[in-house]
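J.: Heads up: the protein sequence lines correspond to chains H and S, in order.
Reminder that position 61 of the first sequence reads as 1300 in the numbering used here, one-by-one numbering, no gaps.
Reminder that position 76 of the second sequence reads as 691 in the numbering used here, one-by-one numbering, no gaps.
Calculated directly from the structure, the hints in this document are not laboratory data.
Some clues are possibly wrong.
Pair ranges (Cβ atoms, derived) [what the hints assert, rightly or not]:
(1) V1304/H - D636/S: 18 to 28 angstroms
(2) P618/S - E1269/H: 21 to 31 angstroms
(3) C968/S - G1280/H: 53 to 63 angstroms
(4) A736/S - E1290/H: 53 to 63 angstroms
(5) D1286/H - L820/S: 21 to 31 angstroms
(6) Q675/S - A1256/H: 23 to 33 angstroms
(7) D972/S - G1297/H: 50 to 60 angstroms
Example chain S residues on the side facing chain H (calculated, C-beta under 10 angstroms, incomplete) [what the hints assert, rightly or not]:
(8) M616
(9) P618
(10) S734
(11) A736
(12) P759
(13) P817
(14) P873
(15) R876
(16) K881
(17) A884
(18) M885
(19) I888
Backbone N, C-alpha and C define an ideal beta-carbon position, used for all residues, glycine too.
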Amino acid sequence: MTVYTETVVHLAPEAFAKEVPYQVVIVTREDGSRVTGRVIGERVVIDDPVEQMELRDGVPFFRKVK
Amino acid sequence: MRPVAIAAAGKTPFGAFQDRDLRSLAVEAGEKCLKNGHVSSSQVEAFYLGNFAGPSFVGQNHLAPYISTALGIYDVPATRIEAACASGGSAFFHAFSAVASGIYDCVLVVGVEKMTSQSTARVTEILAGAGDCSGEIKAGSTFPSLFAMIARRHMYQFGTTREHLAAVAVKNHANGALNPDAHMRKAITMEQALNGRPVAEPLGLYDCSLVSDGAAAVLLMPADRARDFTNKPVRILGIAQASDFVALDQKPDITTFPAVRRAAQKAYAMAGIGPKDIQFAELHDCFTIAEIVALEDLEFVERGCGGPYEASGATARSGEKPINASGGLKAKGHPVGATGVAQLCDIFAQIRCEAGDMQLKRNSLGLAQNLGGSGASCVVSILGNV
């Protein structure tokens, strides 16, 4: 899986306000499909390989593969 | 299908108006429009309202008759259209369809939004409702973040730069300074534009449109009948609405909006013209990157060339293709449901040589592009001299 695009959010709705700044990514899976998720740990850039660490309330959290 | 014209327009200033409610704004725009058209409320045969989120922003549903009756328009169909930020353009498209098909001879369209009674965090949350709440929004995406991800990808694929984005903000703020009804009448420097506080990287404060209150209205009639009410009717030469996925992650390529391309191609075909013929345009610059992508999707420039085109000055008032002479959503303001109708009011004024300090010299053929969400809805309208 690789990063298709990403952003770091600084201004968020109340539900996410405590978490800013946080990184949102769209990831391309092996089958070519895409999903929006969040990044844990080190920030990622386009084309970085990532792995899915967990699913929280249906939202995938990804981490950069070293 | 019969030819249709805009016979009159009217709007409120855009801004943050603590003492104004949604209905009073909509009524002001509607009354100005009817007065300008010398039409009484009893002559209106149908009423269309463009509004994105009145129920969330001000807690009022059933908005179309709530407003039409306040305008003295009774008995006739009163319908609210919601298509996110393209609500106003979509209301106009449906009003056009009804007149063109011969159902009605006099239709009033009003677009309105009252946004500033909510906190910025709450506004962000309400606007996020135009995205896919089961996926991207649940993951913490906001509208700025969706367009930030588009900007990142556009930069990656085409070499678009922060300076290209900033050029859009500087140009639209310079234009807005000439617009007496603009929310922000203040020119900004390139340095300011580049150093706004970060909202969603790479977008900063000056890459984002404003949270505004305001309303706009236009009156549609068959072209021949419009001449009985004004000696300067403006023809709707081409118009189309198109749709696409709501979620950004479902689009094969997020650097282009198929709904914009399809709507534009249909509108050009209907008008019998091409993108080169358009003399000026009001584009949906909800974020600076959106204006750059719009230039490409409307085929004003090749894909990937929108950024350098903006930086070249071609889109300035003095350039070959003036874009957002009104200041755009960026400086004029973006009361969501009003935006698509206000674009038409601005083009109407340009074509009739009534745009004051904003008046352009090449003004006989203008295009409006109104975008909903991250490209799920789009309305493109082409207006010209009769």
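J.: Report the numbers of all earlier hints that the structure fails to satisfy, in ascending order.
T.: Hints 1, 2, 4, 8, 9, 14, 15, 16, 17, 18 and 19 are the ones this structure does not satisfy, whereas the remaining hints hold.
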